[in-house]
Structure formats: C-alpha cells, structure tokens
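Listed here are the chains, written in short residue letters.
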Amino acid sequence: MRPFTTLIVLGALLGLTACGGPQGGDGTGERLKVGVILPMTGDHSTFGEEAWNGMQIARDDLAARQQPKVPWDLVLKDEQSKPEPAATQAKTLINTAGVHVIVGSVTSGITKKIFQECRESGVPGLTPGATNDTVTVEGTNPEYCSRICFKDGFQGPALARFALSQGWKKVVVVEDKSAPYATGLSESFRAAYEAAGGQLVRTYYQGTDTDYSNLVQNVKDAAAQVIFIAGYYAQAGLMLKQAQGAWGETPIIGGDGLDSPDLVALAGDVKNPIYFTTHFAADDPSPLVQSFVKRYTERFGKPPGAMAAVGHDALLVLADAVGRCAQPTDRKQLAAAIAASKAVQGVTGSISLDNADRTPKKPLVVVRVDNGFKFVKAVSPE
Amino acid sequence: MSDLHVFLLNGLGLGAIYAFIALGYTMVYGIIRLINFAHGEVFMVGAYIGYFALRGLGVEQMPLPAPWPVVLAILVALLLAGLGSGLLAVVVERLAYRPVRKAGRIAALLTAVGVSLLLQNLTLRLFTATPRPGPAAREWIALESLPATAPGELRVDRTVRLSDGRSDTDEVVVADSGVALDEAWRARLAAEGHQGVFRRVELTKQQHQLFVIGMLALFAPTLWWLVKRTRTGKAMRAVSEDMDAARLMGIPIDRVVMATFFLGAFVAGLGGVAYAATYGKVEPMLGFLPGMKAFVAAVIGGIGSIPGAILGGLVLGLVEALLPLLLMRMGWAEAFGWTDALAFLFLIVVLLVKPTGLLGKPLREKV
Amino acid sequence: MGSDALPSTLVLGLSLGPTGLWWTHLLVMVGMYALLGLSLNLINGYGRMFSLGHHGFWALGAYAAGSLVHHAAGSMPGPLLFLASVVLAVGVAALGGLLIGVPCLRLKGDYLAVATLGFGEILRITIQNLPEGLLGANIGLTVPRVLLEKTPETKGLFQAGWAGLMVVAVVLVAWLVRNLVTSARGRTMLAVAQDEVAAGLLGVDPTRSKVAPFVVGAALAGLAGALYAHYQGTIAPQEFTFLEMVKMLLVVVLGGLGSISGCILAAFVLLYVEQVLQLAGQDMLPAGVPPLPASWTWLAEWWSVIYALVLVLLMIFRPHGLLGTRELNDLLRSWRTRRTGRGTGAGA
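Protein chains in written order, with numbering that gives the first Met the number 0: chain A, 0 to 381; chain B, 0 to 366; chain C, 0 to 347.
There may be inaccurate statements among the hints.
Said to hold, decoys possible - A partial selection of chain C residues facing chain A, derived with a Cβ cut-off under 7 Å:
#  : residue
1  : 17
2  : 20
3  : 125
4  : 127
5  : 130
6  : 132
7  : 138
8  : 139
9  : 153
10 : 204
11 : 232
12 : 317
13 : 319
What the hints assert, rightly or not - Chain C residues, not near chain B, derived (Cβ > 10 Å throughout):
#  : residue
14 : 109
15 : 143
16 : 207
Unchecked claim - Each computed DSS-like pair below joins lysine-lysine, with the alpha-carbon atoms no more than 27 Å apart:
#  : chain 1 : residue 1 : chain 2 : residue 2
17 : C       : 154       : A       : 90
18 : C       : 107       : A       : 32
19 : C       : 154       : B       : 353
20 : C       : 154       : B       : 101
21 : A       : 341       : A       : 331
22 : A       : 90        : C       : 246
23 : B       : 227       : C       : 246
24 : A       : 32        : A       : 219
I should point out that these hints are in silico values taken from the structure, not numbers from a laboratory. Here a beta-carbon is modelled for each residue, glycine too, at the ideal position from N, C-alpha and C.
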C-alpha cells in the first residue's frame, strides 16, 4: 500500500494550501477591470485580431472624452480558437484577476463556454460577435449575458428575403456541419425561405475538409439559381477556388462568417458574384462610420472588417452602461445596466439591449465582394 | 444527374495523392516496422517549400521563350520540395528514430507521434495557423509589355499575419488574368519600384488532378525500378527480409535505412506540393488527415508492398469519392458529412477482414 | 453576501479566495488527467498494448453522463441522478471497450494503435454530425448542475467539494489498478504482455487476457469522462481531440509505463506547468502560487513545441519513463538507504 501514503501526503499538502490565502470580497476598487477573451491564434485569428484593433480604437476615443467615468483596464486573453482554453481563461480572469466584466468571444461555441463561467460566477458577459440564438438565453441567470450583434434568427431570414427579392427562387445550401454558427444560420434561413415559397436543397461539409471536389459536383447538380454558403471564410474560399468554372456565374450568398479579406485571397479569381450579410460596410457614408474607417486605416494600415466594428461597439455599449451605474464595480448592477442599454449609437447601427434575449434588433448590411466589400443594401430583421 | 466520370476523376486524383504519401509509409514500415506518424508532416513541409519556391525564387523572370519560365519554375519547386522533405526525413531519422530503434515498438511509435506533433507546432509557430493560398505557378510580365487599354484590377498578393499580431505585407503584385493596365497604373508601379507584375496561371482542378495522376504514372515505375534493380534497392529488400542477416552480409544498415527515409519523403514532398496546389491551401495541419488516410491506404494495399501502396491509395480515393455518393443516392442526404468517418470505418473493416491488406505478405512473429 | 444565512460548514468554502480557487481547479484537472493516465496505463503500460483511442472512451463517458443529465434533469433527486449518470458512463464506456476490443485486440501493436485511433476519430465525427437536440452537436451539450448549483455564493464550496471528490476518485482508482495488476489475473496479463507466444504455449488465452484490461481501462476513462462533464457543465466535441490523447500519453510516459504514483506525479507536473505557462500567464498568478523563474517566460510562446520536444527527448533518453515501473516509494527508500550509507550495493 506504499503508493497511497505518498498519495495521501500529496493530497493533504494540496488540501492545506487550498485553504490558505483568503482574500476579502469585492472591495470598491476605483478601477474597472475588463477581461477580454478573443481568438488571437488558431482558426479564427483574423477575427480576434480585428476585434482587438477595433476595441483599441474605441478605448482611445472614449479616453479622449473622459469616458467611461471610472477608469478601466482591459486585460486581453487568447482562447486559441478552442473551447477548453476559453473556459480556463474565463476562470482565470474571474477568479484571479477579479474582473468586473468579460467581453468576448466572437464565435458561438466558444462564447457558450465563457458565458457559462460568467453566469455561474455572477460576472456580466458581453459578446461582440456570437450570433447563435441560444448563447444569451440558456442556463440559470442568463440575465448576465448580452451581445451587441444581431443573432442568426435575424440573419437567416434577412438573407432569405434578400435572395427572394433578387428573384432567386431555388437555392442550394452548403452547410458546415461542424460549426454551430453555420447550422443555426442555415436552419433560420431554411425556415424563412421555405415559408416564403422558395425551393431548397441542402449539402454538407466539415470545417476540417480540404477536398471539396464532391461537394462542388453536388452543388452543380442541384442546378439552383443561388448558392448559400453557411460557414466561415477559410472553407468558403477554398471551395470557391476548387469550384473554378464548375459553378458558372451562379450568385453566392452567405452570412457574416464570410466577412474576411482572406476569402478573396484564398478563392482567387471568382466569376460568381458574392453577396453576404454583415454588421457594417466600410463604404457606408455615415460620418460615424467614415471617421472610424479613416482612423482605423491610418492606425492599422488596412480597412476594418465587421469584427473590428463589433469589437469597437462592444466597448461603446460597455462604457455607456458604466455611465448609468451608481456603482459600476458591482457586477450585478453592471449586468443590469448593460441589459438596459438603449439606442447606443455605434458604427454597426443603433444598439438597444432592453429586450428578452438582450440582442439588438438593428438592420443588417448586405455587401458585395468587388475589389473590397461594397455596400448593396440594408435589410431590417423583421 | 452528374456524370460519374467527374467523381471518378476526383477519386483517382485524391487516390494518387494518397499513393504518393503511402509509398513512404510502406517503405519505412517494410524496412524497420515503424509507423512513421511524422510522414504526414513531412508531406506538409513539402507543400510549404513548394509554396515559397514558387513565389520567392523568381525563376519565372528568366529570359526564356514563352512556356519555359513557368515550366521551369514548377519543376524547380517540385525538386526543391522533394529534396527538402527528403533531407528533413533523414535528419529526423538520424536524431530521433535511430536512438530508439532498439527500445521497442511502443517507444518508437511514441517518438514518431512526438516528432509529428513537433513539426506541426513548429510550423504553426513559424507560419501561423492562417491558411495561405496554395502554390500556384505564375508568369512574369514586364511593365512595358503589359497590354494597355483599360484600367485593370491589381492587388498586393496577400497579407500574411505574423504570430506577434503584426502584419507583413508581401510585396508581390499580382494581376488577375486578362487584366490590362492604364498609364496611371504603370506610373504608380514604376514609382513603387516594380519592374513588372506576376499573373497567375490558372489551372482548373481537373487539370491539377490529371497532372497528379500523370506524375504518379511516371514515378511509380521509376521507384519500382529503383527498388528492384539497383544495389541500394536490393539492399533495402534484404534489410526488410531480415535485418540481422543483412548486417552479417555486410550491408550498411544505417545507410540503407536513411536512403529509404529519403526516398519515401522525396515522393511525399512532391505529393505535398501537388495536394496544396490542387486544393488551394497551405497550412500547418495540412498533413494530418491525408497522412492518416495514406497510412490507411498503405494498410489496405498491404503494408510493405510498393504496388500495394499505389493500389491502396487509389482504392481509398475511389471509396471516399464514390461511397458517400452511393449512400446519398440511396437517400442518405448527409452522407458527405461523414466521409472521414466512412474512411476510418473502411480501415477497421479491412484490418479485421484481411489484416495483411490486398497485396501484403503475412508478417510472422519471430519467437 | 448572505454568508450569515448559510450553515457554518459552508464558510470554509466561501473563504477560498483567488489562491484557493486556483489550487482547487488545478487539483481537479490534475485528478482528471491522473485518472486518464492510470486507466491508459492499464492498457499501454501494464498491458503493453498500444491504444491511441483513449480520448474516444473519455468522450463516450462524458457524453453518456452528460446526455442523461441533460435530458433527465429534474426527474429524480440530484445526487441520485449524479450516481446514475456515473454508472451509465462507466457502463457505456466499458461496452464500447468490449465492442472495440474483442475484434481489434486480435491485431498486433501498430495495427491496434491505428484501429483505435480510427475509432476515436469516428466517435468525434459522429457526435458532431448527430442532430443538435440529441448531443448538442458542435455547439456543445449543457450539463445541468445536479449536485450543487454553482453560484457566486457556493463557488468556493463547489470547488473545494470537487477537489475532494477528485482526490477520493484518484485514490480509489489507484487502489483498483494496483489490486488488478497484483492479482492472479493481473499477473497473467503481465505474462501475456511480456511474451504472447510463450503465454499461449502455457495455456493462457492471449486475446481474453488482453480484453479484460482493455475494457477496465475504457471503463475508467468513462468515469473520468463523467466527472469531466459534471465539473465543466458544458462539453463540446472539440475538447476530445487527438491532442488530448497525446497529453494522456505524455502523462503515462512521463510517469513511467506501469507506475501508479509516477502517473499521478506526472499529471501534476504537466498540468501545473501548463496552467502557469500557457493558459494564465505569469501576470495572472494569484498570491501563494509559486511562479516559474522569470527566465522561463519565453517558454509560454513555445509551449506547444516544447511539449512535443519533451515527448521525443523522453523517448530517446528514458524510453521507460522517468520512474520506469518503480513507484515513488521505492525511490524514496533507495534514496534513504543511500543517505544512511548502508545500501552501497543497492543496485544489485
């Protein structure tokens, strides 16, 4: 039984340490600690980089206006585009750094993990980009979780309406079965499109696929008027590259997952017109957007994408909520203030979170890929 | 309904790639009974070498008549990828595999898993996870010989993100095919110090696939000849029959093993460039799944047998292309989402029904 | 808030603070990998089989327990549901081990490795492709808290309780593994491992004595899976990848193929370094957690590379692990004998 003496000694040692070092409660520190969790490495790293750039612009803008009223510290942590590190980072930020609020992440599956830690620890969570319907409403204490972007329940129908308005009555859906974002988007699109009398064929792929030969052929066989890619840019780009010619000039539509310059870099020369719904268009003439685009481009040497815009707006919403709080370092109060946000003007539109699922109902933007992304029209969610 | 021949070509094209990788697996396994898990990563490194060779060497700018600069660039890239992969495999063999050759099969296999992980993570650190476009041949057009009629579209080829978050803009200007340049563009390019632009040679996937199949048709007999007819080849076969006896006959075991690794990796490197070019991306995880599948192919064909590896590769490619198609036609709409699962299921079935594979000899346990 | 309303026994949990929360989380994760390492050790260490599909059994257990709780929450008392889910997870994983083991264990070494690897991958793809309502597909499955609701008030108790539970689980499993390998059956197993052909000549059925440890190993991985699902509260298929398999292998190899205390020690070392370096970063350590030397911080960036390098170097220089088949106690004893100067010929 010798190993067990060792074991017990080891266990007891750890047990003792575990009880040591109690460190008071919240305190009423005068600085607000904001944890930011984004994918800085891995598959979604373009998203993370853009969102963080956008946040830096927002932080400096706000500082110039002496906002928020309590000075804040942003602590950035990388979730590596994977769920488990995201949960650990959230634990660390909450338990060790004692953050008052967490902003992140930008994809749905990973935000789900972060939000669970938030709810269970009573820390407000605010996601710039997770669009899956359930992330802000599930579990106990969902009132701690909000988002500043639209949800797939809006994006799908908006896309469907856009497709029908162009006279495209038969669609072939190309769905990434491995991404929650894609399956949610595809489903909400299907419901709206079929209800409006459209005809729909579904095909599937996995996010890890490299060879899309068969998919390309299946899509071609479906002989639809439009191809809807429900997935992310990395796979869509590859698919388009491999489809060269096979898809003729059939128009392609998609959601905000396609919103990355890498889409074009991977796809090469594409004959098909590509449209996608997203959070904002860099050529939107509104002064707010133009000023943001200008400063962003000057600072980072390239125009902002949608993730930069939502990252920027997330901090605006947070600063606005802090302004309405008597005691912003009280996490419960801060969560309530975020959920009560009303008509905060951001570069992605007017953001109001005072509804059942703490999700803004703002118009989506349809853009066209044409040497950059060009604004086509705005589509309202309902 | 689509024509079956498209799926057949897809299957054969993919199968040919599997065959290219499977050859290395089968040769190494045949000689030292090691599943070289890192072989898929060697394949991936080959793809990276091809990518950098095609965009960085400037072979296209050589003053030669029309198709030759492009053809030469492709050949140089393939050769470099093959040599680079071969060299890497030799280094790995010398530093990691040789010390554990006597330490037992589990230790050797674990070392291989470790090397595979090491190469993956190393490329991940060096080149980031962001996929780059696949290696593509380009032609070089000097500024003065560009057609000048209408303003065209030009772009800086691609921004590559570095691991520390900075952006590194690649200074290669690429013109879309059929592009013409007006004077303003010319002036701007000249002002920025460019002497011309690259233009992608757009090959369709079908052309790529035919190219890969052609390459296999060329290489398979060559390899066969090398193993059957040359001194080194005979030594390889002797070592794989009985290593101790071969040593007693004065065959330099270490050199023969090294040659085997080099040859297998050389072929895999060629396959890597072809794979990345056909499917359009280069990334650190590129080798993982094809590597695993190619091992499956080697097992299906009968591990240790060179014709077996080629047959196994082609069979697996065809199974992957046609089985989901068949299932879909039978009414299972989601069958294509399960392609990988079906490939692994196929492996398990083959292992259970005929563990020695289609063309393999049973390996006897030595008591 | 509200601590005066709770029974005094809970105050311990409440006062954990950042340091306590950090250590208890680490302890739970160490326990998790110790369980996985011990169960894999049964197969790869003592059994000398080579399985690369252990993450599959882990996932099987996690999803068996998770889906039961997800779909049946509220239908029976919490502790009962917890027990039922753990039993189900162990059962399902054992059954999975049997279904994979019986046909595949006829295969030798490398072929077994590849077949089990295929199994692990098939399982993950299956979870990803099933309808979202069933196993949560890619978004992940929410596992409601049935033992203790985790809230800001009960968080300390939750963490301390889980740390205790994991210690108990590891001790129990270590005891089980030890008894298994010292029993008559266990010795048979070791004999088969040493030389299958010879054991067969002596009338021991090699396949049968290999299936037993394989199934028990799978069942214990299932147990770890169930605990993981309950502790995490959400599980997603992306958490059960081949990389986790490598991590488990590293625990087993670092500890020594066939050493119980080595396995636990290795899990501790691995997770500690990983948590400090890779995940939190030195700046995030709570008071009371020893940081690594400042000159080590560059390791954080190269962590994943070093991880692999350590595996390779270990295999080259210590192919039987740091401790080999010895236990920590043996080392302590030999060290003590050497120190007292009595055992100069201890190596003989």
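Going back to the hint list, which numbers does this structure go against? 3, 5, 6, 9, 10, 12, 13, 14, 18, 19, 20, 23, 24
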